[in-house]
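**Student:** One-letter residues, chain by chain:
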Amino acid sequence: MKRFILVLMVLALVVPAFAAGQKEAAPGQIVVKTMAYGDNSNPEGVNWVRIVDAFHKANPGIKIDYELLYDEAYHQKVAARLASGDVPHLAYMGADARWGAPWKEASQQFDHRPFIDGKVFDLNLIPPMGPKNEIFVLPLGTSNITTVLYMNEALVKSLGFAEPKTYEDLVAMVPKAKAAGLEVVSIDGADGWAWGSCYMSAIIARLSGDANWVSKAVAGQYKFTDQVFVDSLAMITRMVKDGVIAEKSVLVDYGANLSTFSNKKALFVVQGQWAAGSIDPAVADTTKMLAWPKLPGEKPAMAGSVAAAIQVGYGLTKAGAADAKVRDAALKFMMYFYSVEETTLRLREGAIVAPILKNYQVPADLPLIVKQKVSLAQSAKNTDVIDAFLGGAANDALNAGMQKIVTGAATPAQVAAEVEKLLRK
Amino acid sequence: MRANPAAAARLKRLPGSIASYTIFIAWTLITLVPLLWMGYSSFKSNEELTLDIYALPKALFDNRNDEYVVIPKTLNVILPYDPELDTRERLIIESTTIAPTRRMMVHFLVKDDLPAELAGLQPGDKLLVSQLPRAMQKDINRRTIWFNYSSAWNRGNLGSKFLNSILYAGVSTTLIVLLGLMMGFALGKMGYKKISLILAGLIGFGYLISNNSVIIPLFLLLSKLKLTDTHLGMILVYTAFGLPLSVMLSAQFIRGLPDSLIESAFMDGAGYFRMFFSIIMPMSVPVVTTVAIISALGIWNEFLLVLVLATSELTKSLPVGVFSFSSLQSTQLGWQLAALVIAVVPVMLVYFIFNKRLTQGVVAGAVKG
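Line order of the protein sequences matches chains A and B. To convert, note that position 229 of the first sequence is 229 in the working numbering; the numbers rise steadily by one, no gaps. To convert, note that position 170 of the second sequence is 1170 in the working numbering; the numbers rise steadily by one, no gaps.
Fair warning: there could be bad hints in the mix.
As the list claims (entries may be wrong) - Here's a subset of chain B near chain A, in silico, CB distances under 8 Å, partners left out:
(1) 1076
(2) 1078
(3) 1308
(4) 1325
Derived from the structure by calculation, the hints contain no laboratory data. Backbone N, C-alpha and C define an ideal beta-carbon position, used for all residues, glycine too.
Bound-form chain B, shown alone (with noise of 0.2 Å):
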């Protein structure tokens, strides 16, 4: 009886298979799973990350019967109201089982909205959540469950580091791309051969300097230019920083793309500009896409620069926010957690939206550069 040669093959080329499935799904997981735990425990107090890292959210959830316990209003039980304006008694009140006696869930429950018998408590006395009027009972519910969430967001001040971290993503990868993609174009098609291979070696050196090396050199230099803790000064270091990757990919892709292009459009009367505009950038889609997404995430992810070299809150970005809730005294993991939530969830939508896009140009630049 003869063996089917179908068989035979994929019987021999199951072991491959199996090894190559095995290494895809352990990588899955790999990049997978700390994503989920990530964003589930985000939703966990600080306690139940103290006791067991792993387990599922709980506290913040079933909160319908938490307990509170009414506090005096000291000085470090941060308003959110302004007094002057806002003139209605409250009860403050505070979890006794979430951050207790931090003054971390703290909710401020206007009196005139509370039943009689509520209303009188005083500090000391205690209450259970479903005392509470219901339209109460749920912005507590709410505020419980999003209390991460909002807590990073507010006393982190993520809001204007969001806005940072898009802003230099932004401009510094189109500055990189751009210029990037101009110099390559000089140093790939245009005829100083020698004065194109010393410039490139140059510019490839810049790419091994490392940020950590030229931090104070650089900080002294922005303070010289009064660019420290400047949105501009930001955008032009990581633009330096980025230049000679982009040149580099740039010059090699643009080089390998036919020179009868250019000189049928020289012919045709263009100049390089024209050139550049109406040839170069749009044939050069792949590397473009390439760069894009190194830099963009690069910028995006970055937190020595920015910690050194800004200094207010206006000037930096989501890394340092994210650093912002670790600290040696008090560390307030599910506040972390729920920044670095914030932090990811822009560059993950990114990639899910344009996927398609992102690994064609990847691919594209990798086989053509």
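Chain A on its own, in the form it takes in the complex (with noise of 0.2 Å):
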């Protein structure tokens, strides 16, 4: 018994000892409260941890206090943070529902413009953000394409088709493409925000025949029960009904979506730019990205188009902004961090459509797939995504009306009406 009271004794003296000193930083550093975006296994987090090593052993005088999580972890920790009051000084955002809304809703939001240097950034490569055309973060890269349609050439090829211009070209691989064991058109249909994100947000623009038609929804200029947004509802059905798309996607999540197309058991896969680094190397020397073909019912004016972003990155916080040291501390830090190098490197990884940085030169030894984006990027006429507008329960609705589109559960008319009325609650 003596000896288990003294164990105690020494865990009273030894715990409290925990509680305190372990976020100080060095006497004089700087400390900048930072929530960064990535993980273990990730580019994002890996390249993360190695720039904030390399910049705090070229900065002493400042400490990178950083709080690396990734999606849906990231989202409610900024969620709790800001609630509790624990504002962070820099973190990942962007300036849509899904990325900008918990900061705007903080009264987070900081200004850049004033601290941006015209010489390092192209000013006319990022967008404005806020009604006063403010700047509220540095986009990792220009505008991100979600809606990309990836296609294994070489397989496409093998089967004695070829890139296909219409939807009818499409339809017409199935046959082939299933007595081969192959699925046509691979989507990761298991994650809810992938039919909204990667693949509606390309159709309704297409049959709506107008690239704003999602903001102005939201606007309240056009209604989502509109036959228009029904009807980009339909395609859906219809895909799978052809058998493009395969009724079982419902199933399938993002890196199983990536690990089909790598292992070449798709001929196409629908996913964002981003997902381009991630592509097996020996399929993506194959792989050629496209926009969606033409679709039945598409309007002229919306041939060939991809739905894109304003691409997240980081932004100083009101909170980090207030104090001129941490503010000039995370702008150096920065500054590191959107540095040619690492730019360079986001871009060879697939990461990035194409820099902000002013008269970048783009190295020639690009790996041919990031070429490729880089020329969708160009090419492309950019619409809407629609969580970069619609948020909320309205959103949630959509993602999984699409999923019980697939699976019969519901029909296009009742998942349009149940995102009408939530939107105008």
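With the hints as a guide, bring both chains together as one complex.
**Tutor:** If you want it as structure tokens, here you go:
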């Protein structure tokens, strides 16, 4: 018993020691509290750690005190920290409904314009993000294309086909693909967001002929119950019925989707431009990045269009900008993070479409797939990405609704009505 | 001819025995097969796991003739040494079969230790492991086999997270058991029946509160107290969440102990603390064991609270480390499985070492409680 009490006494002494001092920086160090995006297995996370380590070495007077999280865990933590008032000084953020809303609601968006060095960044490539043309975040790159149709050209050719120009060309591939045990278009349908961001964002613009149909609908100019939106949702039913998209796609998650494509089990895969770096290098060499081919009922004005959003990046918060020393330290780190070398690496790894740096020279030896990405970004007309404008319950209902359409659990009209109802609530 | 009664009885029991054994074997398989799969899959490359998740590992073991390509020293090649302190020239090679082009399976060969024809290789040139000096082959062989484990351990910073898990589980469980037993003693043996009833009800109510429902208020509270992202904050939270069950079980168990023991001790002049430490605690080993197992396992596996309440790498625990290998963009299944094994092995070891005692404790706790 005496031993037990002794252990308790030791614990009582030791435990409080853990409570204090662990967040303390070295004397004189400026601490920049940061929320970073990435994890231990993806290039974003691995590069973040490397960059911070190198920055610390070069700038011993600054400590980037970061928390590295990914996907929903990141969004949940942002909400928790903002709600508690534990606001980071610097964070990975955007300016849209998904990536910008929490910061906007917490009144933490900070206009970077006075602090952006026009000699380093090309201001023409950074779009305005607020009502007064504010720039709340330094995007990692230019527009973020979300509706890319990746084609395994070698596989398509092996079946005797060429790059599809129309939807009917895709349908024509179905029998041979099925006979060969291949999927035609693979989509990670288990991820609700993929239906919205990577699929429907392209379809609605094509069928409506309005690149900004979604933002206008959210603003009240159109309704999600309009026939054109119902028809766009009905395209899902048609694609499943035609065998272009498999019904079982609602069971496929992001990793499985890319694996299917990397393992040459699908002719096409639907994903955002960011997935280019995750495709198996051997397959990437024979992959072409396309916009959806001409769809039935498509308006000519939107031919070959892709949905694209302002890319996310790192931005100071108002809390971070409030202290000039912290602000300057954070800006110094951002210059390091957005350096030509790091940006080129991001370009090579397929994380961005094109840099926002001034007079940037694109290296000649870029991987083929990256060159294609740049080419697609330069040639395709950009349209709204749904979840950049539609958020909350309405967006959730739309994403879940599209999955229900695939399985036959809901009709396009029912899903459209639900989205409209939730949006106007 | 009369039937043998023993044989008839055996025959009567046969269907029941078959059903019991079928269920036991099925349950054993349900428990063991995933563990076995996890164990052997943690030695598979991500490519193997993607191609066939059930196949046995091969690529990481069969590496004597693996092909490597010489790569330049670019930004995303993370050096395992300090180039300012160690200035020896190195040939950087990357596997062309395991995580190719991703700068994950990379080796840094000291050029002085290489034959001249290999030391002179340029980026883009290829070589086989079997061409290297024997010591290097051995080193690469070992590193390749343990690729998933070393990557998980180093990149996930699992060492410090492991220590944090031990600290949280150890200290919180100790506090949960001790304080729970103290409260159980008070509620079960002190003569304030009505107040005890109200207090027990309130404490029991705490058991119904789930982590998820209070996580934001909890975060706000800890922020106000400056306890977010501290070990103490985490320990207090785990202790608070673990206490209701501990108090309920302890009170119930202690109520069942004979009052005469307490009365004898009181007559002998023992105070409450003396009674508690000399009589109640030694007699409550079964319930202590039960509470300790439930609490320690729960805290060891807990994910949500530590994810939200801990910010820095210094305070996060193993479940967050395991989770940190699963991303939308490039899930490294092999690393994640290795991290899972690292997280599971200590629990299994504790179970195997204390198996008999734990089982006795749980059974005794269940019967007497």
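**Student:** For the hint on residue 1076(B), does the least C-beta distance to chain A fall short of 8 Å?
**Tutor:** 6 Å, holds
**Student:** Report holds or violated for the interface hint on residue 1325(B), using the least CB-CB distance to chain A and a cut-off of 8 Å.
**Tutor:** With a minimum Cβ separation of about 5 Å from chain A (threshold 8 Å), the hint on residue 1325(B) holds.
**Student:** Under 8 Å, Cβ to Cβ, is where residue 1308(B) needs to be relative to chain A, so tell me if that hint holds or is violated.
**Tutor:** Where the cut-off is 8 Å and the nearest Cβ of chain A is about 5 Å from residue 1308(B), the hint holds.
**Student:** Close enough to count: is the Cβ of residue 1078(B) nearer than 8 Å to one in chain A?
**Tutor:** 6 Å, holds
Figure legend: structure checked against the earlier numbered hints; every hint is met.
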